[in-house]
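For reference, the chains in residue letters:
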Amino acid sequence: MQVYADNAATTKLSETALQAMMPYLTDTFGNASSLYSLGQDAHHGVQASRAAVAAVLGADTNEIYFTSGGSEADNWAIKGVAELMAKKGKKHIITSAFEHHAVLHTVKKLEEQGFRITYLPVYENGIVKVEDVKNAICEDTALVTIMYANNEIGTIQPVAEIGAVCHEKGVLFHTDAVQAVGHVAIDVKAQNIDLMSMSAHKFHGPKGIGALYCKKGIRLPNLIEGGAQERGRRAGTEAVYAMAGMAAALTEANDALAQNTAKLTALRDRLIDGLLKVESSRLNGDRQNRLPGNVNISFEGVEGESLLLYLDMKGISASSGSACTSGSLDPSHVLLAIGLPHEVAHGSLRLSLCESNTEEEIDYIISCVPEIIERLRNMSPLWERIQKERGNL
Amino acid sequence: MQVYADNAATTKLSETALQAMMPYLTDTFGNASSLYSLGQDAHHGVQASRAAVAAVLGADTNEIYFTSGGSEADNWAIKGVAELMAKKGKKHIITSAFEHHAVLHTVKKLEEQGFRITYLPVYENGIVKVEDVKNAICEDTALVTIMYANNEIGTIQPVAEIGAVCHEKGVLFHTDAVQAVGHVAIDVKAQNIDLMSMSAHKFHGPKGIGALYCKKGIRLPNLIEGGAQERGRRAGTEAVYAMAGMAAALTEANDALAQNTAKLTALRDRLIDGLLKVESSRLNGDRQNRLPGNVNISFEGVEGESLLLYLDMKGISASSGSACTSGSLDPSHVLLAIGLPHEVAHGSLRLSLCESNTEEEIDYIISCVPEIIERLRNMSPLWERIQKERGNL
Amino acid sequence: MEYSEKVMEHFATPHNVGKMEDADGIGEVGNAKCGDIMKMYIKVADGIITDVKFNTYGCASAIATSSMATDMIKGKPVSEALKLTNQAVVEALDGLPAVKIHCSVLAEEAIKAAVKDYYDKNGIEYDPTLFKEDCCHYDHHHAE
Amino acid sequence: MEYSEKVMEHFATPHNVGKMEDADGIGEVGNAKCGDIMKMYIKVADGIITDVKFNTYGCASAIATSSMATDMIKGKPVSEALKLTNQAVVEALDGLPAVKIHCSVLAEEAIKAAVKDYYDKNGIEYDPTLFKEDCCHYDHHHAE
Ligand SMILES: Cc1ncc(COP(=O)(O)O)c(C=O)c1O
Ligand SMILES: Cc1ncc(COP(=O)(O)O)c(C=O)c1O
Chain A
1 MQVYADNAAT TKLSETALQA MMPYLTDTFG NASSLYSLGQ DAHHGVQASR
51 AAVAAVLGAD TNEIYFTSGG SEADNWAIKG VAELMAKKGK KHIITSAFEH
101 HAVLHTVKKL EEQGFRITYL PVYENGIVKV EDVKNAICED TALVTIMYAN
151 NEIGTIQPVA EIGAVCHEKG VLFHTDAVQA VGHVAIDVKA QNIDLMSMSA
201 HKFHGPKGIG ALYCKKGIRL PNLIEGGAQE RGRRAGTEAV YAMAGMAAAL
251 TEANDALAQN TAKLTALRDR LIDGLLKVES SRLNGDRQNR LPGNVNISFE
301 GVEGESLLLY LDMKGISASS GSACTSGSLD PSHVLLAIGL PHEVAHGSLR
351 LSLCESNTEE EIDYIISCVP EIIERLRNMS PLWERIQKER GNL
Chain B
1 MQVYADNAAT TKLSETALQA MMPYLTDTFG NASSLYSLGQ DAHHGVQASR
51 AAVAAVLGAD TNEIYFTSGG SEADNWAIKG VAELMAKKGK KHIITSAFEH
101 HAVLHTVKKL EEQGFRITYL PVYENGIVKV EDVKNAICED TALVTIMYAN
151 NEIGTIQPVA EIGAVCHEKG VLFHTDAVQA VGHVAIDVKA QNIDLMSMSA
201 HKFHGPKGIG ALYCKKGIRL PNLIEGGAQE RGRRAGTEAV YAMAGMAAAL
251 TEANDALAQN TAKLTALRDR LIDGLLKVES SRLNGDRQNR LPGNVNISFE
301 GVEGESLLLY LDMKGISASS GSACTSGSLD PSHVLLAIGL PHEVAHGSLR
351 LSLCESNTEE EIDYIISCVP EIIERLRNMS PLWERIQKER GNL
Chain C
1 MEYSEKVMEH FATPHNVGKM EDADGIGEVG NAKCGDIMKM YIKVADGIIT
51 DVKFNTYGCA SAIATSSMAT DMIKGKPVSE ALKLTNQAVV EALDGLPAVK
101 IHCSVLAEEA IKAAVKDYYD KNGIEYDPTL FKEDCCHYDH HHAE
Chain D
1 MEYSEKVMEH FATPHNVGKM EDADGIGEVG NAKCGDIMKM YIKVADGIIT
51 DVKFNTYGCA SAIATSSMAT DMIKGKPVSE ALKLTNQAVV EALDGLPAVK
101 IHCSVLAEEA IKAAVKDYYD KNGIEYDPTL FKEDCCHYDH HHAE
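Protein chains in written order, with my numbering: chain A, 1 to 393; chain B, 1 to 393; chain C, 1 to 144; chain D, 1 to 144.
FYI, nobody ran anything at the bench for these hints, they're computed from the structure. Take these hints with a grain of salt, some might be off.
[Stated by the list, open to error] Straight-line C-alpha distance at most 30 Å; calculated DSSO-like pairs for lysine-lysine: (1) B:K90 to A:K108; (2) D:K74 to D:K116; (3) A:K129 to A:K90; (4) A:K91 to B:K87.
Model the full assembly from the supplied sequences, consistent with the hints where possible.
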């Protein structure tokens, strides 16, 4: 059986999205900035896509700027606000300890350039405290950037409340909503969001396209200078097909949101319950306040890369927070941020579901994991030591 | 008859490129950074695409970094080198007066940040003098960035010679080769190029994907921070389908280069000769030293936008350097840079051909243009004045 | 940027194109450097604009606004033509892209310039503030 | 990152997995914090390694290098086992990704540690510089 359970990494392009893309990959190939009919047809594609994305998020059409993905949107929002606010002498940025690297490496770079960065704790449940945000805001705070939902443990942050606190203090609020858009209901106005990053391939749209929501009135400097595309804010000949695919996928996801959430939540909970039966395992991140498709479990005494490669041999695609899968020496900063010891973090497994996963697939995963864990523990000197320490050997 | 003659703006995706993309838009959708088989299949797509692009350009595979297009590549190269060299106190950049806005607006931004910019003249023929580059290089020159071929008038610059002069003086050399790649033979090593920008949609590849060639050893800082994609140099989940499309299109273009050049040069020259029969017209840019598909002609007394919209009504897609088509008040900076008066620049027409254009299409254009010019001149008070000044009325 | 169907109609087959040998008033505004020149000719009888022609060098919207504006004043009293605003022309064309609004201003000014010329030639008195110099007038700019 | 077929073979069905109750030498290197521990058991008769087993906690390449390295010393004189380099293991596996080379170093060290243990237990004299302390040794790191 083939089971794709790494939807937080990327998703399969939906048939609807592909169909929306095809005209722009074939006949309607004109440059959207050109005046002749072929160009204007492309231009309509761009504008219709922008309007569709805006509609789902409660934004105005002109507040949506297409980018090459979530990473670019994060870089643009954070570096842009930093540049804007530095002119007013504001050089302090508040973020959380478990942001995506697109945010963390960007603020790190700003730190080298003289910004002061506050990394808020995320506690054992993987949720930022609004009170902490409030207390961290200073006179010279330029930006608060807190992700909407975490990519590894799926925990959902109190975005509307964080936004409210920021606005009370007159500070701009950016949220990396790459994992949330298309998966939870979002209203940028009601939720007090000033800037928001998204990426199409996380909701069955194409890779290499995303968007930044930037509230009217924020004069964000450009990250990519050049032609007058995106109303002079983001240069580059428009990849109209990709925008159309993103819009179609988001609309599709949004139309089915309630239904998908119900289905996914049931699958997720079944999977969590099934896997927690394995001895010495634990769920990472808040059990309730998490994305409907996210399961993240640590198994003591095993290493994640081996686990996921044995799973791959069984046809199951998954992900891990072990050091080995990242190519670095340390395991996932997310798992360390919620307080896991290194050796437990190395043994983590993320399974991220989508609405096309089935109960049979879930049961197949539940049947495969324990035997692999047993196999790995049987050859693990770490597991041997743990068992000895617990007096089991 | 429908004639697409705006290939310098964008091209139709080739069938070969589309076929190369389809697997990655459907079944092979995995994240190229993931360890399981589906991810590794995608990873092979990325690496094979990178190798194919490198092979065409005489680069090493690891010297090619995929970007979201030519604009991003230009921004990255120029801002990156600026950041790198500023640390050594080098804050002078040499460019030309008729670069693409992706270069010009980027250096403008650097100027605001304290860099000194030298804009070299391009003379009446639209070609930078190597001697001028040599004379402009100073102790604190960080970068020379001169485009390979101009996007409006198609003139080809003495890239190898400029590179040689830069290397003699120990200065890095970047070239915006967006209009050249796939259209002329390029060898980055033999031509002394340190950094080179390209964009797939200019050679029948998909939009929204491009690359930066960055010579081994140049520690270019990142423009887009985040994940470890592109060997840690450019974050963002890889749009594998787009990379595969770019590689297929470039390989196809390169394989047919000699044949396409011969065909295009003949079509181009036929078109130039046909259009220059119109009274008070002139060819812009060097007649010999130009891209095989580029025709750029000014017609006195008419305005370009009207011209190209009347052409559109005849089924012909073209472009103009008039102010109206850019939304700005001034006509094309390129045409002004080669010394055209404003009113002549407003009356310019760019027809850019590709190998699928035919002689019949060229003859159709040649038959349509004069009657439109006549119609516009008949209602043009400017033409009336010109005729009076010349004693023709 | 996008033109309304109305704009494209007037651009494709503009009305009132031409010169007039025996015009009672001629107005020319705009300048070649900026890429727009409009020249309007009016024929007046008993205070009524009996005929109007235009010649325009400029973009599609310059041609379309010339066409629409001349339509709107033909057969009207001179005094009414003077009241034609650029907004009225824009509305009649179902809108213009923001960057093209200046074309409608040019059309309004061209008509005013033609009427002024008619007044001047015929010694008709008028309130000079009606014809305040504008940055787009050809003669004003030509010296640059 | 990508593994050779050889690595995947040894990972999928590793050779010599297990513990050994009556081992003549045991070596354990690596540490849990870094995500790799290798434990090797050797049985020695007449200076020949007659049997070898390993237990490994770590990634696919840690398991594959353990498997390959134990294969390579089984049946060999102890003195030869001591000469096994990590490069030889990497080559035998048709290469390892750059970020995984440390796993092969670990395998080399695990064997050396087992031999040292065998020497120590049996009072065999040796040149101590053969077994210089390395940053990857478990006991060294555990204190951190
Ligand atoms: C010379 C030149 N440089 C850069 C670009 C920007 O490329 P892209 O629009 O693909 O970002 C273009 C085309 O638009 C170009 O012609
Ligand atoms: C939370 C989060 N932010 C940003 C990104 C970056 O998005 P992309 O890879 O599309 O640039 C991702 C996914 O990779 C993500 O999960």
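Assess, step by step, whether the Cα of K91 of chain A is no farther than 30 Å from the Cα of K87 of chain B, and give holds or violated.
holds, 21 Å
Need the status of pair K129 of chain A, K90 of chain A: alpha-carbon distance at most 30 Å?
Since the Cα atoms of K129 of chain A and K90 of chain A sit roughly 23 Å apart, the hinted pair holds (cutoff 30 Å).
Holds or violated: are the alpha carbons of K74 of chain D and K116 of chain D at most 30 Å from each other?
This hinted pair holds, its Cα atoms lying about 16 Å apart.
Within a Cα-Cα threshold of 30 Å, do K90 of chain B and K108 of chain A meet the stated pairing?
holds, 24 Å
The structure is consistent with each of the numbered hints, conforming to all of them.
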